Amino acid sequence: MERLSDVLTAISHPTRRAIIAKLANGPARFLDVAEPFDTALNAVTKHLKLLERAGLIEREKRGREVLISLRGEPLGEVAGWVHEYERFWNSRLDQFEQYFKEKKKKEKKKQ
Amino acid sequence: MTKPGKTLEFKFERRIPAPPNEVFDAWLNPKIPGNPWHLADKFTLDPKVDGLFYWSAKGKGIYGRFTEMERPGRIQHTWVSPNTLGHESMVTLSFEKEGEDTLMTLVHSDLPDHELARGHEKGWNYFLDTMREQFADGSRLDQRRDGAHPREATKK
Numbered sequence: 001m002e003r004l005s006d007v008l009t010a011i012s013h014p015t016r017r018a019i020i021a022k023l024a025n026g027p028a029r030f031l032d033v034a035e036p037f038d039t040a041l042n043a044v045t046k047h048l049k050l051l052e053r054a055g056l057i058e059r060e061k062r063g064r065e066v067l068i069s070l071r072g073e074p075l076g077e078v079a080g081w082v083h084e085y086e087r088f089w090n091s092r093l094d095q096f097e098q099y100f101k102e103k104k105k106k107e108k109k110k111q
Numbered sequence: 112m113t114k115p116g117k118t119l120e121f122k123f124e125r126r127i128p129a130p131p132n133e134v135f136d137a138w139l140n141p142k143i144p145g146n147p148w149h150l151a152d153k154f155t156l157d158p159k160v161d162g163l164f165y166w167s168a169k170g171k172g173i174y175g176r177f178t179e180m181e182r183p184g185r186i187q188h189t190w191v192s193p194n195t196l197g198h199e200s201m202v203t204l205s206f207e208k209e210g211e212d213t214l215m216t217l218v219h220s221d222l223p224d225h226e227l228a229r230g231h232e233k234g235w236n237y238f239l240d241t242m243r244e245q246f247a248d249g250s251r252l253d254q255r256r257d258g259a260h261p262r263e264a265t266k267k
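Top line first, the protein sequences correspond to chains A and B.
Note that the working numbering numbers the first sequence so that position 8 is 8, with each residue one more than the last.
To convert, take the position in the second sequence, counting from 1, and add 111; that gives the working numbering.
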């Protein structure tokens, strides 16, 4: 569960989601990752640390460069956390509840 | 990843602003939104013990047999679908009076755990699609700077 929290924290920030989206296209160098953001490099470094802690990225040294790549598995865990039947029943029960709420509203209006 | 034979169980609760007998009847009435039979392309429903139900939507069929029917407190039926890999899972509903309302509980149990793997797969696609949507609207990275996302926060 702790890992799940780390992953959820990691994807809770738009910048980090943007980093994930960029890395989904393939590994990139740090400066390439940081370049689209109008923010200090050390802010990007902090975001990368959070992503790394959640197991979402990996750094690999290639010669003088460090390549950052995406690891998708933890995202799968988050997605799997919401099971298909959870979605199915929650949406059905929400509709069912809503039906009664609206019915009650209408009844109140009539009175 | 998972031990064979392991099953999953999900529990849901809703407080419905109506008495239990009304809620009970509505759950078995295909005309009322939210129950499994509503919006089915085709269905049969025989809500009594040993009665059968079938419904299909988008080419997918769900089958089951009722094992308990105690108006207005409890319904139990099996649930067989492609997602249960043909195994009988179990759906138990209870309706308890709470003041003027009904506390409705739905437990879906005995779901084969390997389905979770499919959930992963689907979830994955869902995730990627969401991501794609977020970045396909032309706003892309330049609008996603730190501290400058009020628009995004309210968008979804």
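Be a bit skeptical, because a hint or two may be false.
To be verified - Below, computed lysine-lysine pairings styled on BS3-like, alpha-carbon distance capped at 25 Å:
id : chain 1 : residue 1 : chain 2 : residue 2
1  : B       : Lys142    : A       : Lys109
2  : A       : Lys101    : B       : Lys169
3  : B       : Lys117    : B       : Lys142
4  : A       : Lys108    : B       : Lys208
5  : B       : Lys171    : B       : Lys159
6  : B       : Lys122    : A       : Lys108
7  : B       : Lys208    : A       : Lys106
8  : A       : Lys61     : A       : Lys101
9  : B       : Lys142    : A       : Lys110
10 : B       : Lys142    : A       : Lys105
11 : A       : Lys104    : B       : Lys159
12 : B       : Lys169    : B       : Lys208
13 : B       : Lys171    : A       : Lys101
14 : B       : Lys171    : A       : Lys105
15 : B       : Lys142    : A       : Lys104
16 : B       : Lys208    : A       : Lys103
17 : B       : Lys142    : A       : Lys106
18 : B       : Lys208    : B       : Lys142
19 : A       : Lys46     : A       : Lys61
20 : A       : Lys103    : B       : Lys142
Said to hold, decoys possible - Computed, partial: chain B to chain A, Cβ under 7 Å:
id : residue
21 : Lys122
22 : Pro130
23 : Pro141
24 : Trp148
25 : Ala151
26 : Val218
27 : His219
28 : Pro223
No lab work stands behind these hints, which were simulated from the structure alone.
Bear in mind that the values here come from a model prediction, so they are computed numbers and not experimental data.
All C-beta atoms, glycine included, are put in the ideal place defined by N, C-alpha and C.
For each hint, the structure was consulted:
no.: 1; hint: B/Lys142 to A/Lys109; in the structure: holds (23 Å)
no.: 2; hint: A/Lys101 to B/Lys169; in the structure: violated (29 Å)
no.: 3; hint: B/Lys117 to B/Lys142; in the structure: violated (36 Å)
no.: 4; hint: A/Lys108 to B/Lys208; in the structure: holds (21 Å)
no.: 5; hint: B/Lys171 to B/Lys159; in the structure: holds (24 Å)
no.: 6; hint: B/Lys122 to A/Lys108; in the structure: violated (32 Å)
no.: 7; hint: B/Lys208 to A/Lys106; in the structure: holds (22 Å)
no.: 8; hint: A/Lys61 to A/Lys101; in the structure: violated (59 Å)
no.: 9; hint: B/Lys142 to A/Lys110; in the structure: holds (23 Å)
no.: 10; hint: B/Lys142 to A/Lys105; in the structure: holds (19 Å)
no.: 11; hint: A/Lys104 to B/Lys159; in the structure: violated (29 Å)
no.: 12; hint: B/Lys169 to B/Lys208; in the structure: violated (36 Å)
no.: 13; hint: B/Lys171 to A/Lys101; in the structure: violated (30 Å)
no.: 14; hint: B/Lys171 to A/Lys105; in the structure: violated (35 Å)
no.: 15; hint: B/Lys142 to A/Lys104; in the structure: holds (17 Å)
no.: 16; hint: B/Lys208 to A/Lys103; in the structure: holds (18 Å)
no.: 17; hint: B/Lys142 to A/Lys106; in the structure: holds (18 Å)
no.: 18; hint: B/Lys208 to B/Lys142; in the structure: holds (23 Å)
no.: 19; hint: A/Lys46 to A/Lys61; in the structure: holds (19 Å)
no.: 20; hint: A/Lys103 to B/Lys142; in the structure: holds (14 Å)
no.: 21; hint: Lys122; in the structure: violated (9 Å)
no.: 22; hint: Pro130; in the structure: violated (11 Å)
no.: 23; hint: Pro141; in the structure: violated (12 Å)
no.: 24; hint: Trp148; in the structure: violated (10 Å)
no.: 25; hint: Ala151; in the structure: violated (12 Å)
no.: 26; hint: Val218; in the structure: violated (10 Å)
no.: 27; hint: His219; in the structure: holds (5 Å)
no.: 28; hint: Pro223; in the structure: violated (11 Å)
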